[in-house]
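S.K.: Chain residues, written in single-letter form:
There are 2 protein chains.
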Amino acid sequence: MNAAEAYRALEERFRRRARVQDALSILHWDNATLMPAGAADGRTDQIAELTKIAREILLDPATEDLLGEAEADAGAIDGWQARNLELMRREHRLATAIPSDLVEAMQRAGAASEMNWRTARRENDFASQRPHLEKVFGLVREAASVRGAALGLDPYDAQLELFEPGLRDTDIAPVFADLGSWLPEKVAAILERQASAETPSAPEGPFDRAIQKQLGEGLMRALGFDFEQGRLDESMHPFTGGVQDDVRLTTRYTEHGFVEAMMGILHETGHALYEQGLPKAWRGQPVGNSGGMALHESQSLIVEMQLCRGPAFVGHVAPMLAEAFGGQPALDVANISRLVTRVRRGLIRVDADEATYPLHIILRYRLEKALLAGDLAVADLPGAWNDGMADLVGVRPPDDRDGCLQDIHWMDGAVGYFPTYTLGALGAAQLMAAVRRDVPDLDARTEAGDFAAFTGWLREKVHARALSATTGEVIADATGAPLSADAFRTHLDARYLN
Amino acid sequence: MNAAEAYRALEERFRRRARVQDALSILHWDNATLMPAGAADGRTDQIAELTKIAREILLDPATEDLLGEAEADAGAIDGWQARNLELMRREHRLATAIPSDLVEAMQRAGAASEMNWRTARRENDFASQRPHLEKVFGLVREAASVRGAALGLDPYDAQLELFEPGLRDTDIAPVFADLGSWLPEKVAAILERQASAETPSAPEGPFDRAIQKQLGEGLMRALGFDFEQGRLDESMHPFTGGVQDDVRLTTRYTEHGFVEAMMGILHETGHALYEQGLPKAWRGQPVGNSGGMALHESQSLIVEMQLCRGPAFVGHVAPMLAEAFGGQPALDVANISRLVTRVRRGLIRVDADEATYPLHIILRYRLEKALLAGDLAVADLPGAWNDGMADLVGVRPPDDRDGCLQDIHWMDGAVGYFPTYTLGALGAAQLMAAVRRDVPDLDARTEAGDFAAFTGWLREKVHARALSATTGEVIADATGAPLSADAFRTHLDARYLN
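If you read the sequences in order, they're chains A and B.
Taken in order, the first sequence gives residues 0 to 497; the numbers are from numbering that gives the first Met the number 0.
Taken in order, the second sequence gives residues 0 to 497; the numbers are from numbering that gives the first Met the number 0.
Honestly, the hints are just simulated from the structure, not real lab data.
Ideal placement from N, C-alpha and C gives every residue a C-beta, glycine not left out.
Check before you lean on any hint, since a few could be wrong.
[What the hints assert, rightly or not] Residues from chain B that face chain A, not an exhaustive set, calculated with beta carbons under 7 Å:
id, residue
1, Arg12
2, Arg15
3, Asp21
4, Ala22
5, Ser24
6, Pro35
7, Ala38
8, Gly41
9, Asp44
10, Gln45
11, Glu48
12, Ala53
13, Leu57
14, Pro130
15, Glu227
[Claimed, not checked] When the alpha-carbon atoms are kept at most 27 Å apart in a straight line, the in silico DSSO-like pairs for lysine-lysine are as follows:
id, chain 1, residue 1, chain 2, residue 2
16, B, Lys279, A, Lys51
17, B, Lys51, A, Lys51
18, A, Lys134, A, Lys368
19, B, Lys51, A, Lys279
20, A, Lys460, A, Lys279
[Claimed, not checked] Each pair of labels, with its calculated beta carbon distance range:
id, chain 1, residue 1, chain 2, residue 2, range
21, B, His27, A, Gly37, 17 to 25 Å
22, A, Ala447, B, Glu55, 24 to 32 Å
23, B, Pro278, A, Arg54, 28 to 36 Å
24, B, Arg208, A, Asp379, 53 to 61 Å
25, A, Phe226, B, Arg208, 49 to 57 Å
26, B, Arg395, A, Arg14, 50 to 58 Å
27, A, Ala376, B, Pro278, 45 to 53 Å
28, B, His27, A, Arg54, 46 to 54 Å
29, B, Gly455, A, Glu113, 52 to 60 Å
Excised from the complex, chain A in its bound form:
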């Protein structure tokens, strides 16, 4: 078999695996939205079986042989195919780097840790979680070291690679150092400004769920979401799931307010537009997948934070809200703008506004690096967390429940994930500045509810590129500069301090 034939055989193999993974995505979505509680054990078995089958397709000895044959003649393929082959090798390397007994040990320890955490968090019981965290960090350290050796990476980079292909700590460190140097002061300035401005008043409900849903669907459609290839549903925790031609996003409604559910829909719509905008011809191939978590988050945040919390979008949506829910002073443009741009020093990352959110992330980034390197003992985590919160965010958690026990990520072994949230926020700001450069009348269009140029720009500059380039390359090509915190700073000044 020559290199071109081997490459085609690999495409077919990865396509088969992707079909199994697509089936898994639908099962996971069903789990989170509709599945009756009593089906959980059976579903776990089904998911485990399909996961094993997908893994077997990748780890079949034939895959390794085909990779070798395809790589033997670098001239046989080029462009996206060559990149695809690189990514196939990367997936194979990631899957084979860690011995299977270590993989199993991590899964077992992660599952036990997560299970304990569900109680420990509620009961503010760090002592019971500590041995689990020690075990998990011990195993992650071992895996990061083995994986790093296989990929030629330092351990923390070997963790970052899991969530964002090609991302290195040398990309993050200077950006986060810059951000950390000026953001706390900026937050103080914003808070001072908001303290002297009018306090936003809460709109009075009840807000009918069906009307909220209808409104959300209308906004999704206007933004370019294709309901022929996707759905909007409800789940406890909003997420975007499904598959490329069947993108399923969820939100959670309450009748007391509509802002959270609406902003949740808009956030997930950003993720969903990315998935729907991937090139159909490359479906099922590694190069046809969406980029890393940072780029994905940039797509949700450019819609939610950059576009939809901005004055032009609020100007567009406020009359729709008054029409849907009946007029009240709290639904005027100025009040809604205040509501969706309110900044507060808080304890909880997932409730944080865009200005303070990166400070929550910088804390986690520093701590997880220290925990992974062994420079910080798990036993010392609560103290380090609380000191860091006081220092960076300006509030000291009264307990671990709302402190170092608040997030699931570490409990599960997901070390290296947190930075992608803030890289996404910085990317969103930088991409939005480029949209404004290329679409000078963006605000007028937005206020008129015309999002074609906005979404079209993202489709061309981001979505259509899929994984043919790294997140760094996509952002640099689209904006003309490497990813930095500059545009985010300019954005905060313009929105909060002008």
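Starting from the structure of chain A, add chain B where the hints point.
M.R.: Coordinates of chain B only, in the frame set by chain A:
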């Protein structure tokens, strides 16, 4: 490996296959209920891939070896395990009997035929369907002959075996001959009786869908359906899908009336109770599956036709209907009873009442046997159909749309399926007579909305047996007599002519 070890390895292998099949069931359910239209092609690929994987698990050479080893020592296992091994061999034989190029040819021809039928039926175009039907019957004939040779069965029996393990035409022929000898006259007598009675009046809507659903769920719960392991949803064609611990049934609501949706729910609840009542310890094993289609249909019909269209149940539900939708004369017990027991000579099988339905089936049974044997040419089907309808049901179709083009079964190659509908109806009547024997105060309980004894009887006598016995054995054990049309005749007399 000794026989007991080989058997245990087979159990594990079939369990893995069942997990893949369970995933497929959820994907099929999702297809029919929620999937956006634009995802159809991708879903077809996912389903094809998982179907292939499930088939590969069965057809792996190791399965054949293990079957041989397990069968080598008949004393190593007994009871349900021995029956399970038999059924494993049966599945393996069915899957290997037909050469794969013939399987593929049938799938292709069936898909093309079904696709053409969707238009041909609408346009009353038998001419365009004829070559497809000829091709499909030709291939089914070939497959039935090959499968029959492998199983030691005549071709029609080899078709029946696909839908009802162990069912032979020698079981059907005398029963259908008996039924055909007296049912046309009985229908005439019923129609004469109903013509001289009061005509039922249609309740006046609109009937709110949400209230219909709530009512349906309440009835399901009362009948013993476990919502911790199942759901009620909507689809174009009502069906029961999902998996044993997540049984998902559907109905279709209209605001003009509630009877059809409610009876649809009750029918599917019969299927669903069967699935929920299968023994959990045997989940994923062939012996743990539900019995053939005839026994499954007996479970839907004993609930819908025997129990819920009877006067005691109508007495129970009529006040609930008046409460839910507001009182009106058409919602009184007598009128609803007349509505749900109205008999009419009609053209369409799926719209037929319980008295005329078997006549539709006897026609199809006769015709499909003749078509399969080559005694009837496809070209002569419309004429034979119309003559048979005039003779058996007493109406002559004005066109093929409402004649021989009305059903999907043959278009798809499902020859041998039709008899199971009527065997199910006869089984339901015979089982209901046995319930009445064992639960003398059944009517009083039913009128009071207490279905525990009814469902409990079915759980013990039918559901819990799964595939440990044939349909014939289950019915004979539960009722004390082999399956016949006697109880059905008694039932018609009691309900319509007493």
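S.K.: If a hint holds in the structure, say so; if it does not, say that too.
M.R.: Against the structure, the hints:
The beta carbon of Arg12(B) comes no nearer than 12 Å to any beta carbon in chain A, farther than 7 Å, and the hint placing it at the interface is violated. Hint on Arg15(B) holds. Least Cβ distance to chain A is approximately 6 Å, under the 7 Å limit. The beta carbon of Asp21(B) is positioned within 7 Å of a beta carbon in chain A (closest approach about 5 Å), and the interface hint is therefore held. Because the beta carbon of Ala22(B) sits about 5 Å from the nearest beta carbon in chain A, less than 7 Å, this interface hint is met.
Using the Cβ-Cβ criterion of 7 Å, the hint placing Ser24(B) at the interface with chain A is not satisfied: the shortest such distance is roughly 10 Å. Because the closest C-beta pair between Pro35(B) and chain A is about 6 Å apart, less than 7 Å, the hint holds. The interface hint given for Ala38(B) holds, since its Cβ lies 4 Å from the closest Cβ of chain A, which is under the 7 Å cut-off. The interface hint given for Gly41(B) is met, as the beta carbon of that residue sits about 5 Å from the closest beta carbon of chain A, less than 7 Å.
Interface hint at Asp44(B): satisfied, since its Cβ lies 5 Å from the closest Cβ of chain A, which is below the 7 Å cut-off. Given hint, Gln45(B) at the interface with chain A, holds; its Cβ is 5 Å from that chain's nearest Cβ, closer than 7 Å. With its C-beta approaching chain A no nearer than about 4 Å, Glu48(B) sits inside the 7 Å limit, and its interface hint holds. Below 7 Å, beta-carbon pairs count as interface contacts, and Ala53(B) has none with chain A, the closest being about 10 Å; its hint is therefore violated.
Of the supplied interface hints, the one on Leu57(B) is violated, with its beta-carbon coming no nearer than about 14 Å to a beta-carbon of chain A, more than 7 Å. Evaluation of the Pro130(B) hint against chain A yields a violated restraint, the C-beta minimum of about 33 Å exceeding 7 Å. Because the smallest distance between the Cβ of Glu227(B) and any Cβ of chain A comes to about 4 Å, under 7 Å, the interface hint for this residue holds. Distance hint between Lys279(B) and Lys51(A) is fulfilled; the C-alpha atoms sit about 24 Å from each other, no more than 27 Å.
For the proposed pair Lys51(B) and Lys51(A), the alpha carbon gap of about 16 Å is at most 27 Å, so the pair holds. A distance of roughly 16 Å separates the Cα atoms of Lys134(A) and Lys368(A); the hinted pair therefore holds under the 27 Å criterion. Taken as a hint, the Lys51(B) and Lys279(A) pair is honoured in the structure, with Cα atoms around 24 Å apart against an allowance of 27 Å. Taken as a hint, the Lys460(A) and Lys279(A) pair is honoured in the structure, with Cα atoms around 16 Å apart against an allowance of 27 Å.
Between His27(B) and Gly37(A) the CB atoms are about 20 Å apart, so this pair conforms to the stated range of 17 to 25 Å. Taking the beta carbon of each, Ala447(A) and Glu55(B) are about 56 Å apart, not inside 24 to 32 Å as hinted. With their beta carbons about 32 Å apart, Pro278(B) and Arg54(A) fall inside the hinted range of 28 to 36 Å. The beta-carbon spacing between Arg208(B) and Asp379(A), approximately 59 Å, falls within the hinted interval of 53 to 61 Å.
The given range of 49 to 57 Å is broken by Phe226(A) and Arg208(B), whose C-beta atoms sit roughly 21 Å from each other. For the hinted restraint 50 to 58 Å between Arg395(B) and Arg14(A), the CB-CB distance of approximately 53 Å keeps it satisfied. The given range of 45 to 53 Å is respected by Ala376(A) and Pro278(B), whose C-beta atoms sit roughly 51 Å from each other. Taking the beta carbon of each, His27(B) and Arg54(A) are about 24 Å apart, not inside 46 to 54 Å as hinted.
Between Gly455(B) and Glu113(A) the C-beta distance comes to about 40 Å, which lies outside the given range of 52 to 60 Å.
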